[in-house]
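From just these sequences and the hints, can you work out the full model?
Residue numbers 6 to 133, in the numbering used here, belong to the letters of the sequence shown in order.
Hints were generated in silico from the structure; no laboratory data involved.
The reader is advised that the hints may include incorrect statements.
[As the list claims (entries may be wrong)] Lysine-lysine pairs mimicking DSS-like chemistry, simulated, CA-CA at most 27 Å apart:
{"hint": "1", "residue 1": "K123", "residue 2": "K48"}
{"hint": "2", "residue 1": "K118", "residue 2": "K48"}
{"hint": "3", "residue 1": "K40", "residue 2": "K123"}
{"hint": "4", "residue 1": "K40", "residue 2": "K118"}
{"hint": "5", "residue 1": "K78", "residue 2": "K123"}
{"hint": "6", "residue 1": "K107", "residue 2": "K118"}
{"hint": "7", "residue 1": "K78", "residue 2": "K48"}
[As the list claims (entries may be wrong)] Estimated spans, in silico, between C-beta atoms of each pair:
{"hint": "8", "residue 1": "A83", "residue 2": "D116", "range": "35 to 41 Å"}
{"hint": "9", "residue 1": "P114", "residue 2": "T64", "range": "30 to 36 Å"}
{"hint": "10", "residue 1": "L42", "residue 2": "K123", "range": "16 to 22 Å"}
{"hint": "11", "residue 1": "D116", "residue 2": "R58", "range": "37 to 43 Å"}
{"hint": "12", "residue 1": "A83", "residue 2": "P119", "range": "26 to 32 Å"}
{"hint": "13", "residue 1": "E28", "residue 2": "T64", "range": "53 to 59 Å"}
{"hint": "14", "residue 1": "G91", "residue 2": "E32", "range": "25 to 31 Å"}
{"hint": "15", "residue 1": "K107", "residue 2": "V80", "range": "30 to 36 Å"}
{"hint": "16", "residue 1": "T64", "residue 2": "Q105", "range": "22 to 28 Å"}
{"hint": "17", "residue 1": "Q67", "residue 2": "R110", "range": "27 to 33 Å"}
{"hint": "18", "residue 1": "I117", "residue 2": "Q37", "range": "40 to 46 Å"}
{"hint": "19", "residue 1": "K88", "residue 2": "I63", "range": "18 to 24 Å"}
{"hint": "20", "residue 1": "P126", "residue 2": "L93", "range": "22 to 28 Å"}
Glycine is no exception: its CB is placed at the ideal position from the N, C-alpha and C atoms.
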Amino acid sequence: MSATQQKKTSGPGTQAMRAKPEEEWDEEQLQQALKQLKLLHIKCRELRGTIPRMLESITTKQTPDEVFQGLLKSVQAARSEIKDFGDLYNSDASQRVLSQAKKSREANPRDIKPWRAKDDPHWFDLDT
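What follows is the structure, given as structure tokens:
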């Protein structure tokens, strides 16, 4: 087992998950899991604009010094966005939800339909 795999499989949240017997999630747990997945999906989709936002700072400034300063700020903002997404993805809550989803798919693989954004016009609103 690689160091990365050991790190992912041996954390404080994973031992708690292993200690629990297999159980069905109640509606409240499912609602919280859906909120976590929605937040993760929104953060992921926001990353699609990272590079265009970085390049935008290059085209709007006049002097080379302003271009450089604008690029530095946009790169720092991009780094922060990527780190935030990574932290959210690797959080115990996200990993617990993804693990439960994997178990559920393995237990009942039939009739799982792909989700499409056009089927849910308010998918980008965290409150809905």
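Hint consistency between K118 and K48 [alpha-carbon to alpha-carbon, up to 27 Å]
The hint holds at about 23 Å.
Can you tell me whether the CB distance of K88 to I63 sits inside 18 to 24 Å?
At 22 Å between Cβs, range holds.
Could you tell me whether the CB distance from L42 to K123 stays inside 16 to 22 Å?
holds (18 Å)
Does the structure keep K40 and K123 at a Cα separation of 27 Å or less?
At roughly 18 Å apart (the allowed maximum being 27 Å), K123 and K40 satisfy the hint.
Pairwise hint evaluation, K48 against K123, where the allowed Cα distance is 27 Å at most:
holds (18 Å)
Take the C-beta atom of A83 and the C-beta atom of D116, compute their distance, and say whether it sits inside 35 to 41 Å.
holds (40 Å)
How does the Cβ-Cβ distance of K107 and V80 compare with 30 to 36 Å: does it lie in that range?
holds (35 Å)
Range agreement (Cβ of P119 with Cβ of A83, hint 26 to 32 Å)
holds (30 Å)
Starting from the range 53 to 59 Å, see whether the pair E28 and T64 falls in it by beta-carbon distance.
holds (54 Å)
For T64 and Q105, compare the CB-CB distance with the range 22 to 28 Å and indicate the outcome.
violated (45 Å)
Quick one: are G91 and E32 within 25 to 31 Å, going by C-beta?
Hint holds: Cβ distance 30 Å, inside 25 to 31 Å.
If you check the beta carbons of Q67 and R110, does the distance land in 27 to 33 Å?
violated (53 Å)
Checked against the numbered hints given earlier, this structure breaks hints 5, 9, 16, 17, 18; the rest are met.
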